[in-house]
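K.L.:
This is what each chain is made of:
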Amino acid sequence: MSDSPIAIEQHGPEHLHHFADAEQQRDAASLGMWLFLATEIMFFGGMFLAYLVYRSWYYNEFAAGSRSLDIYLGTINTAVLICSSLTVALGVRAAQMGNRKLLVILLLLTIVFGFAFLGIKGVEWYQKYEEHHIPGRTFNADDLVRDYPQIHIDQRPEQIYFSLYFAMTGLHALHMIIGVGIFVLLTFHAWKGRYTPKYYTPIEIGGLYWHFVDIVWIYLFPLLYLIDRKPLR
Amino acid sequence: MFDNFPLWPARASAGAANVDALFIFLLALSAFMCLAIFAMILIFATIYRRRRGVEAEQIEGSPELEITWSIIPMGIFLAIFAWGAVIYFHERTPPRGASEVYVVAKQWMWKLEHQEGQREINELHVPVGRDVKLIMTSQDVVHSFYVPAFRIKQDVLPGRYTTAWFRATKPGVYHLFCSQYCGTMHSGMIGQVVVMEPAQYEAWLSGGGTSGSLAASGDTLFQQLGCSTCHRSDSQGRGPNLVGIFGKPVQLEDGRTLTVDENYLRTCILSPSKNVPSGFKPIMPVFQGLVSEEQITALVAYIKSLTPSPAGGQASVSLAPKPQYPKE
Amino acid sequence: MATLAVTAERENYLNKEYGIRSWLLTTDHKRIALLYLASITFFFFIGGFFALLIRLELLTPAGDLVQADTYNKLFSMHGQVMIFFFLIPSIPAVLGNFLVPLMIGAKDLAFPRINLLSWYLYIIAGVIYLHCIVTGGVDTGWTFYTPFSTAFSNTRVIEAGIAIFIAGFSSILTGLNFVVTIHRMRAPGMTWSRLPLFIWAHYATSIIQLLGTPVLAITLLLVVFERAFNLGIFDPTRGGDPLLFQHLFWFYSHPAVYIMILPAMAVESEVVACFTRKRIFGYNFVAMSSIAIAVFGFLVWAHHMFVAGISLYSALIFSILSYLVAVPSAIKVFNWTATMYKGSISFTTPMLYAFGFIGLFTMGGLTGLFLACLGIDVHVHDTYFVIAHFHYIMVGGAVMGYLGGLHFWWPKISGRMYPEGWGRLAALLVFAGFNLTFFPQFILGYMGMPRRYWQYPPEFQVLNVLSTAGSTILAVGYVLPMVYFLWSMRYGKIASDNPWGAAGLEWQTPSPPPTFNFDETPEVTWEAYNYEEIPAPAEVNVER
Numbered sequence: 039m040s041d042s043p044i045a046i047e048q049h050g051p052e053h054l055h056h057f058a059d060a061e062q063q064r065d066a067a068s069l070g071m072w073l074f075l076a077t078e079i080m081f082f083g084g085m086f087l088a089y090l091v092y093r094s095w096y097y098n099e100f101a102a103g104s105r106s107l108d109i110y111l112g113t114i115n116t117a118v119l120i121c122s123s124l125t126v127a128l129g130v131r132a133a134q135m136g137n138r139k140l141l142v143i144l145l146l147l148t149i150v151f152g153f154a155f156l157g158i159k160g161v162e163w164y165q166k167y168e169e170h171h172i173p174g175r176t177f178n179a180d181d182l183v184r185d186y187p188q189i190h191i192d193q194r195p196e197q198i199y200f201s202l203y204f205a206m207t208g209l210h211a212l213h214m215i216i217g218v219g220i221f222v223l224l225t226f227h228a229w230k231g232r233y234t235p236k237y238y239t240p241i242e243i244g245g246l247y248w249h250f251v252d253i254v255w256i257y258l259f260p261l262l263y264l265i266d267r268k269p270l271r
Numbered sequence: 002m003f004d005n006f007p008l009w010p011a012r013a014s015a016g017a018a019n020v021d022a023l024f025i026f027l028l029a030l031s032a033f034m035c036l037a038i039f040a041m042i043l044i045f046a047t048i049y050r051r052r053r054g055v056e057a058e059q060i061e062g063s064p065e066l067e068i069t070w071s072i073i074p075m076g077i078f079l080a081i082f083a084w085g086a087v088i089y090f091h092e093r094t095p096p097r098g099a100s101e102v103y104v105v106a107k108q109w110m111w112k113l114e115h116q117e118g119q120r121e122i123n124e125l126h127v128p129v130g131r132d133v134k135l136i137m138t139s140q141d142v143v144h145s146f147y148v149p150a151f152r153i154k155q156d157v158l159p160g161r162y163t164t165a166w167f168r169a170t171k172p173g174v175y176h177l178f179c180s181q182y183c184g185t186m187h188s189g190m191i192g193q194v195v196v197m198e199p200a201q202y203e204a205w206l207s208g209g210g211t212s213g214s215l216a217a218s219g220d221t222l223f224q225q226l227g228c229s230t231c232h233r234s235d236s237q238g239r240g241p242n243l244v245g246i247f248g249k250p251v252q253l254e255d256g257r258t259l260t261v262d263e264n265y266l267r268t269c270i271l272s273p274s275k276n277v278p279s280g281f282k283p284i285m286p287v288f289q290g291l292v293s294e295e296q297i298t299a300l301v302a303y304i305k306s307l308t309p310s311p312a313g314g315q316a317s318v319s320l321a322p323k324p325q326y327p328k329e
Numbered sequence: 018m019a020t021l022a023v024t025a026e027r028e029n030y031l032n033k034e035y036g037i038r039s040w041l042l043t044t045d046h047k048r049i050a051l052l053y054l055a056s057i058t059f060f061f062f063i064g065g066f067f068a069l070l071i072r073l074e075l076l077t078p079a080g081d082l083v084q085a086d087t088y089n090k091l092f093s094m095h096g097q098v099m100i101f102f103f104l105i106p107s108i109p110a111v112l113g114n115f116l117v118p119l120m121i122g123a124k125d126l127a128f129p130r131i132n133l134l135s136w137y138l139y140i141i142a143g144v145i146y147l148h149c150i151v152t153g154g155v156d157t158g159w160t161f162y163t164p165f166s167t168a169f170s171n172t173r174v175i176e177a178g179i180a181i182f183i184a185g186f187s188s189i190l191t192g193l194n195f196v197v198t199i200h201r202m203r204a205p206g207m208t209w210s211r212l213p214l215f216i217w218a219h220y221a222t223s224i225i226q227l228l229g230t231p232v233l234a235i236t237l238l239l240v241v242f243e244r245a246f247n248l249g250i251f252d253p254t255r256g257g258d259p260l261l262f263q264h265l266f267w268f269y270s271h272p273a274v275y276i277m278i279l280p281a282m283a284v285e286s287e288v289v290a291c292f293t294r295k296r297i298f299g300y301n302f303v304a305m306s307s308i309a310i311a312v313f314g315f316l317v318w319a320h321h322m323f324v325a326g327i328s329l330y331s332a333l334i335f336s337i338l339s340y341l342v343a344v345p346s347a348i349k350v351f352n353w354t355a356t357m358y359k360g361s362i363s364f365t366t367p368m369l370y371a372f373g374f375i376g377l378f379t380m381g382g383l384t385g386l387f388l389a390c391l392g393i394d395v396h397v398h399d400t401y402f403v404i405a406h407f408h409y410i411m412v413g414g415a416v417m418g419y420l421g422g423l424h425f426w427w428p429k430i431s432g433r434m435y436p437e438g439w440g441r442l443a444a445l446l447v448f449a450g451f452n453l454t455f456f457p458q459f460i461l462g463y464m465g466m467p468r469r470y471w472q473y474p475p476e477f478q479v480l481n482v483l484s485t486a487g488s489t490i491l492a493v494g495y496v497l498p499m500v501y502f503l504w505s506m507r508y509g510k511i512a513s514d515n516p517w518g519a520a521g522l523e524w525q526t527p528s529p530p531p532t533f534n535f536d537e538t539p540e541v542t543w544e545a546y547n548y549e550e551i552p553a554p555a556e557v558n559v560e561r
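Protein chains in written order, with the working numbering: chain B, 39 to 271; chain A, 2 to 329; chain H, 18 to 561.
Because the hints were derived from the structure by calculation, they are not lab data.
Take every hint as true, because none was put in to throw you off.
Dumping the calculated EDC-like pairs for lysine to aspartate or glutamate here, alpha-carbon to alpha-carbon at most 20 Å:
id	chain 1	residue 1	chain 2	residue 2
1	A	LYS275	B	ASP185
2	A	LYS275	B	ASP180
3	H	LYS359	A	GLU61
4	B	LYS268	A	ASP255
5	H	LYS359	A	GLU58
6	A	LYS275	B	ASP266
7	H	LYS510	H	GLU437
Computed beta-carbon distance windows for the label pairs:
id	chain 1	residue 1	chain 2	residue 2	range
8	H	LEU73	A	GLY173	30 to 36 Å
9	B	THR113	H	LEU134	36 to 42 Å
10	A	GLY256	B	LEU156	36 to 42 Å
Positions of the beta carbon are idealized from the N, C-alpha and C atoms, including for glycine.
One chain only, chain B, in its complex shape (with noise of 0.2 Å):
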């Protein structure tokens, strides 16, 4: 903990005056991201809220929404985010061994995996909008209520559950945008030789950042599209 060592300042080229030294400054920006990351989970948490209270209301509306979801395509992105998040982790070693072109590899695979994952979420989305499960007048679920005799699918609190899908993977899919970014930033920098053992701070938060945009899918994946997938009787 550096709360109070009186330093003599070694500045390196990333050195901010402010700081006392380095590691001041290190400690700084991964308290400051942490702190950051626990912001968007109350974020993500108020839509996690409202998703508790209408799945225990509406349980019926919701299993028929989330089968209606294409569970490989979720899978496959699933696994996407999940080896985005392993060259994440990678390209922070990588920064520690100084390994630059490894690292910019890294950065770019990264972002590659970002891309496919953006893509094919746009691709679910298309599908809700052929099948007309937008929220709002063009909404219609008599196909869910045709795939489900046994029980009658109330079409309004059906809303509900892809108003909170597009909502919920809405805002998760701007986070993965601004993701994308930062990583586009990183990779540049990391290109031009910024990064190094020494000083690799934007690596580390930027891949905290990464990883927890990665965690709030983990959480989606589940409760939207794995709901009830016990064969149809």
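Mind docking chains A and H on chain B? Use the hints.
P.N.:
Same frame as chain B, but now just chains A and H:
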């Protein structure tokens, strides 16, 4: 401007005096605390004002004092909480046998319907000394039914019933306000509660044009909408027998046990898939959009009338017919 | 000491660079504090203007000044502007930004560029909200209750929601900056137990800002989504629950009131200590009470919903918890009062505001006990009793704390003294005007006058007239400091480094401080409020 200058609201219900008593106690307590603190500050500011040659005395603190002035207030607060909780519990528990008035709020008026069938707009006539329970819902946004003279208030929600009750003790005319902001004429959504002597109230009742009791119109609707096809009183229908079920627990398909109250019935009518009783299939049609609020209150009143009141015993009524479909 | 050579002005953060770019692109926390000062003062007057119109309309029972829809917009925007664009930033963004690094012996906040970003987010939010005002405004009440806000209001709800959403991020980033700064950038020897209570209170405030504001953000975003994209999350006709909105909204908006009051308590501690020339009585308890308020403040939100349709048992729990959260505030009041015992008290303008704060906050806090009481709340919820209660705390408490703090640190911020006579006059006008405005409203509330009423029954008129009269006096009290603070920047007596003889690292730098605060990183070897070691100033204004 000075003609009518009261500083205290009228007291016209059985509960109002209790609320006022607690309020006056809190007033006295607050006045005492304020005076004590202000006096202390005034005295300190005078005695310990800055004077040449007199230094301030550095005092770290006193844990004993801190504990004392934490525990004592906490004790007082708990007492206030308990007193208020008792009043609140009483306020939220309508007595058995209360006569019922159905209220439908909409932007920007109050529609009330007595059990006997009287309809009123922005006015509620009640007799002195009778327990009156209000069963309320909104057609649009959140409103709130507030009668200051009775010290009662309850938000009125769309999609749900909420209840409030009172027993008026003094004849007179009292303000009815909407106290949850609801749009343009929120401040115009006001009316009056007219409390009458029982004899006058009877006179008023018979004078009005009624189209039969609420339950009777509910009965008619029950036939017209086809409810009686499935909800047969011989338990042979595809839906549960509704005789004698009001106020009793019912077990649902998903394992929950609920009480058959106004909200339960309303949900069954508007979103039947939410409340499927155990042993039945979820095949009841959805009536959302097909019935108005007034019709729902009539149906609810009718179904309530099928249960002799006050019903004795809390035995769980089995709603399952003789098995006609294989259980899943 | 004053030789001809020294009359040339020393370099400080104000004169280091001139030009608009040096201000708009600054990362100096002190300059950013002044940027905030200007912007929130602007919004204060907008919110105040709306308030004046409201009070004018309420002079008569009939709705005869403005139309009903206009009135509804006035109270909605008064609330939103005052809360989101004035009160929430006020002390943290102005005094906190200026003082936190100075008080802990740091050169700047941990993230100076994020600090500037905070201000720009605030400005962007403010511009969007101004656009909302001039293109029709919003009439949902500051509380945005659904389904009125999602499906019935015909006003600029989306725009207002987006503006407040962005302002929320400004608040979150300020909180983040403070927490990291206080953890990581304290000077050598500045241990947690040597921190000024100002820092403890701002730390607690920042925790609330960090954890609470995101919930408001998502709630408003969902309302915006529902209006813009027809997503039916709160729509009762699609099975949505109006109470879900209320729970989500109040989960932030209750802790928000602690964001507004804790910083004023921060100022109170510093001012009382200085003008009694004593360490605050019960330092540990006051410090811990700030943390307790922050924690318990998150547990009481549904006391805004006692008649909303929550279950009886929920109501019981939230009522008891609400009494719990009152205890730490009471502890503070007792400790400040105890500090005056055997002190050496002067009656400067900041101290007058401090006296006013204790009195009015005590009254506001006691009326909170009424509201936490279930039996009473049923009667007074959504009436003028509530309005009086929260204005006693937010105006009688928070705004007086803000003004007291501005006066106290003005010499440090500007290098000038404000005119003391005018300062005291304004303080007294604010105190008198405030009580006349808001005390009658307690009575109005118990009598049953609901809030948000454009027109009202005639028996409520006398008290309304009194209230409006008070508001004119209050307005004068607010305008005066604006005038003489501006005047003082040119004509005010030049201030010494420590005109009050106050403890704290911020008083050990010149007035105004140099850009990097300290020529050498201080090493702290003394406890906070070491007034036994600091000589009292002979007179209030001391020339350099």
